[in-house]
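Residue-level listing of the chains:
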Amino acid sequence: MAGVHHDNRFQRWFNRRGWINLTISTPYVWLALFFLLPFAIVLAMSFATRTPTAPPFSFGGDYPLLNTATYERLFSDSLYIRAYLTSIFNALIATFLCLLIGYPMALGLTRVSRSWRNVLLMLVILPFWTSFLLRVYAWMGLMGSNSWFNKLLTSLYNGIMPDDYALRFIPMMNTNFAVVLVTVYSYLPFMILPLFANLEKLDFTLNEAAMDLGSRPFRVFLDVTLPQSVPGIIAGGLLVFIPASGELIIPSLVGSASRPMIGRVISDEFASARDWPMASAVAVALLVLLVVPLMIYTYYDGKSHEKVRKAEGASE
Amino acid sequence: MAASAGTARTAAKPATAGDISGDKSDAFIRIAGVTKKFGTFTAVDSVNLEIRKGEIFSLLGGSGCGKTTLLRMLAGFEDPTAGRIHIDGQDMTDMPPYERPVNMMFQSYALFPHMTVAKNIAYGLKHEDMTPAQRDERVKDMLSLVQLSDFAARKPHQISGGQRQRVALARALARQPKLLLLDEPLAALDKKLREHTQFELMDIQDKTGTTFIVVTHDQEEAMTLSSRLAVMDKGRIMQIGTATSVYEYPNSRFVAGFIGSINFFDGTVAEVGQSTTIVDVPDLGGRVEARTIPGVSAGMALTIAIRPEKFVLERDRPAGANAFAGVVRDLAYFGKDSLYRIGLPSGRVISINSVNARRIQEDERVADWEDDVWLSFDPAAAILLLE
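Taken in order, these protein sequences are the chains called A and B. Residues 0 to 315 (numbering that gives the first Met the number 0) are what the first sequence spells out, left to right. Residues 0 to 386 (numbering that gives the first Met the number 0) are what the second sequence spells out, left to right.
Please keep in mind that the hints were generated in silico from the structure rather than gathered at the bench. Just so you know, even glycine gets a beta-carbon here, dropped at the ideal spot from N, CA and C. Just so you know, not all the hints are guaranteed correct.
As the list claims (entries may be wrong) - A partial selection of chain A residues facing chain B, derived with a Cβ cut-off under 8 Å:
1) Glu207
2) Ser214
3) Arg215
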């Protein structure tokens, strides 16, 4: 009988508050377990000293607790700085191109009929249904010097250019161009989807109002649509820029070996050089480089939302 | 006015442009045979309309009657399937919205959320040939016209609904359009503010002299605001006229029933005289005398419509025609007037409004529940409707 009584109390607590707490805490627990804890480990590792034994790093005991040698090397060795710059340069170009290609597509999606919209959205998402690796391999096949695609481009090029400049093939594989191309291809949906979500919510009456007040369609776009889609541009830009700058597979498969990107450097330090502290330091620095600007943006964005809420509260 | 009322009263078919009295030259806006189809659905069905310069003209109708589609065709957002639209003698039919001398005040106001009040009002001016100083001057004038000078630097979300409405009006008027379109201008305001704004709108229209076309589903709004109005149903214009002519002389059962409340009776014409027509009305239990209108002939079936306030309620049988006996079934006291529901011997129950002109005690009033009463009306109050 006591057990039944206990069950009832637990059940009542669960019905009233428990399920809410459980639901709210799940993502926090998830983040703590699978992001904060591993990140703490990586952070600790970056201050360790490399050892030839297993595990390949140690701190405490015979070794210093906070070994800053890895960070000193990070800022002095031009290999790392160059890799960061290449990563950020490639990611910026790819993000910009994604925006240039994705914005008209997202805008187009909001202007077509509902049935067409579903079909087209499906087409945007469809590539996710095949393996990412497979799609990169497909590009390797296309860009390779003996592919029909390369031959077609080469003959087009040779047709236009004078004979002195004739090429046997167009060198596309193992270049930064290839990295940017495949990155744009791979991450385009991450630009289109948040932009579409933003543009779809915009009130089309505002466009009509601008047109009514004498603006031609392109002017309407600049004055009304573009300023209101800034949150979508930022969301899509971050979703492309952040993974693109840490990208490992694309530069490894199609990139230039002489100009490694940072993901490649981390992977090499871990796997080939077995310098886990160095790899950790590179990873921590990348995180700081990417997350700090994001945090600043989120802070100001939150502040401006708060201002809007306050003002709305005042006008009611 | 008398002429137009007379025409409206006798018009047996939906009113057309021919309804406007006067010569053709005073038509500032001419809508000729305009039809708009969306697929197989006809939103606007061959509408003819002429509107004079400086008028406040209302398009009145229920939702889906085509009034908003007609307004959007005037603004240039929809292309007519057939017909032409002329404004000030210029054919506007194929002109894009940004080239028309027409501005619109949207029902949702459609203020640009990322611009201040002043920027919103100035928006349309950047396409005008003006110096920055002239532009600022115009914005200042507009702000003072709508009494918002202190709010120039606010964003739309920082002002109240009524203020937003005035910003929308100022923005639409800033380019000094030949025609201003107002889509349900007062719908989003509460009742008190609506009454106040109504007069403000009329005042601003008077000051600027701009021609206004107002779309509304609110008959009171249409009647107080407009110099003339058109009642629309199913894409067609049912009647055009002044508030008085449409209310007192509706030309169809639809218009009579749409504007205000009314009692309908089926009848058969017994006699047609020079000025008086006698109609047998079984529901009233007798004969009704009404004014003769063209098109009636003995033996034809028609509808008699009488507004609730046209009845006179008395305890004793009044002298003269159109007197009928009934019993008070229900009564509601509203203060300025009372509503009586009178049961007739035929079983019909009709509504009667009686103005409480004198200050009386409850036991002094004309009739109480279950009292036998007499109701009567002037022959001129009975509306004969052939359709």
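Structure-based check of each hint:
no.: 1; hint: Glu207; result: 6 Å, holds
no.: 2; hint: Ser214; result: 6 Å, holds
no.: 3; hint: Arg215; result: 6 Å, holds
The structure is consistent with each of the numbered hints, conforming to all of them.
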